[in-house]
Amino acid sequence: MAFINPRNKEVQVKIVYYGPGRGGKTTNLEHINSKFKERIRSEMVSIKTYGDRTLFFDFLPFEVGKIKGYDVRIQLYTVPGQVKYNATRRLVLKGVDGIVFVADSMTVQREKNLISLKGLQENLEAHNKNIFGVPLVLQYNKRDLKKRNIPILPFDVMEQDLNNRLKVASLGASAVTGENVLPTLKKIISATMSSLQDDLK
Amino acid sequence: MENSFTPEKLDKIESILAEDLIEAGANSVIFIDRAGNIMARQDNGHCEHDVYSLAALGAGNFGAVNAMANIVGEDEFSLLFHKGQKESLHFSKVDEESLLIIIFGKDVSLGFLRLKVAEAVKKIREI
Ligand SMILES: Nc1nc2c(ncn2[C@@H]2O[C@H](COP(=O)(O)OP(=O)(O)OP(=O)(O)O)[C@@H](O)[C@H]2O)c(=O)[nH]1
Ligand SMILES: [Mg+2]
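Going line by line, the protein sequences match chains A and B.
So the first sequence is residues 4 to 204, counted in the numbering used here.
So the second sequence is residues 16 to 142, counted in the numbering used here.
Hints were generated in silico from the structure; no laboratory data involved.
Errors might be hidden in some of the hints.
[Claimed, not checked] Straight-line alpha carbon distances no greater than 25 Å define the calculated SDA-like cross-link-like pairs of lysine to any residue that follow:
#1 K138/B x L94/B
#2 K132/A x A79/B
#3 K12/A x E112/B
#4 K40/A x R10/A
#5 K12/A x D65/B
#6 K24/B x A129/A
#7 K108/B x A129/A
#8 K24/B x R10/A
#9 K108/B x R56/A
#10 K38/A x S49/A
#11 K98/B x M47/A
#12 K101/B x E13/A
#13 K71/A x K101/B
#14 K12/A x A79/B
#15 K97/A x D65/B
#16 K27/B x E38/B
#17 K138/B x N11/A
#18 K40/A x V66/B
#19 K97/A x N76/B
#20 K132/A x K108/B
#21 K51/A x N76/B
#22 K138/B x S30/B
#23 K98/B x K71/A
#24 K51/A x D65/B
#25 K24/B x Y88/A
#26 K27/B x N11/A
My request is simple: use the sequences and hints to build the entire structure.
Below is the structure:
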């Protein structure tokens, strides 16, 4: 749950980037960090292993100005995508307000996306949350690979696989080139803030 | 909303943090929820630490240590302490949803600090 401070009129919102290992969650945050340098006062925190895989989480806080008279502080987190770190993913989801699911467009990763999305649903249930009730945006990452002749899943197939029942906003993106990284962020921030509307008075 | 506090309650918590902990020599104190949000904070005016990152890491650390506690058959470890050359960190559970993180220097004795923390936690619970 977002923490709303009525005294100094500040709200802290937790947005988590979730998805299969090597899907590009950390790369999304790195891109945001490089684009928003002037708004980000602290360093991005990354707890990772030697091979640059996320071990615990990445953390990037920044301010987005005032909404309904409240200073809004967005805190972005990533989870570690590797299968063995499920307990850690569950911990990071504690108190989540909005989720970006970063799917890997590579054809060979199709099954991994499905497993990860199912894991998200289960992990939310452990926190008494329903995946259909949490603000969520799907990002189909690595669309740039098409140009390099690496087989990727057509957008429609990914929609069918992942968004058939959820019916949430979805975007094709490339975290390495930055394409649609900020639009993804904007979508999840606006979905999350509108879900908090009634609590901000 | 589960963890929204009234301004009066936040005022009270901040004065407890100031009077019991900053007065006792702590450099900085943050009161956070288990999601890593800062609910209240106080410092001695010469503390430049990035408390938002500290809160995120502190909540994660506490969660990880409690998961380890479960593995060895404990319900939880309600207290954690990390000692440094100049600055040390003290974590303690306030209730199921909140934690207190205290940054203090080597001029403060751990025993004394623990006593003060226990008092502060008790007062916060009673609000
Ligand atoms: N071609 C291409 N490569 C990408 C893209 N996004 C990420 N990568 C690469 O994929 C690899 C993994 O990216 P990360 O951002 O570390 O993936 P992650 O989801 O954080 O992985 P975990 O931390 O293990 O869960 C890196 O080598 C990235 O450079 C993309 O859009 N296109
Ligand atoms: Mg990562």
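(message) Name the hints, by number, that the structure is in violation of.
(response) 4, 6, 9, 12, 13, 14, 23 and 25
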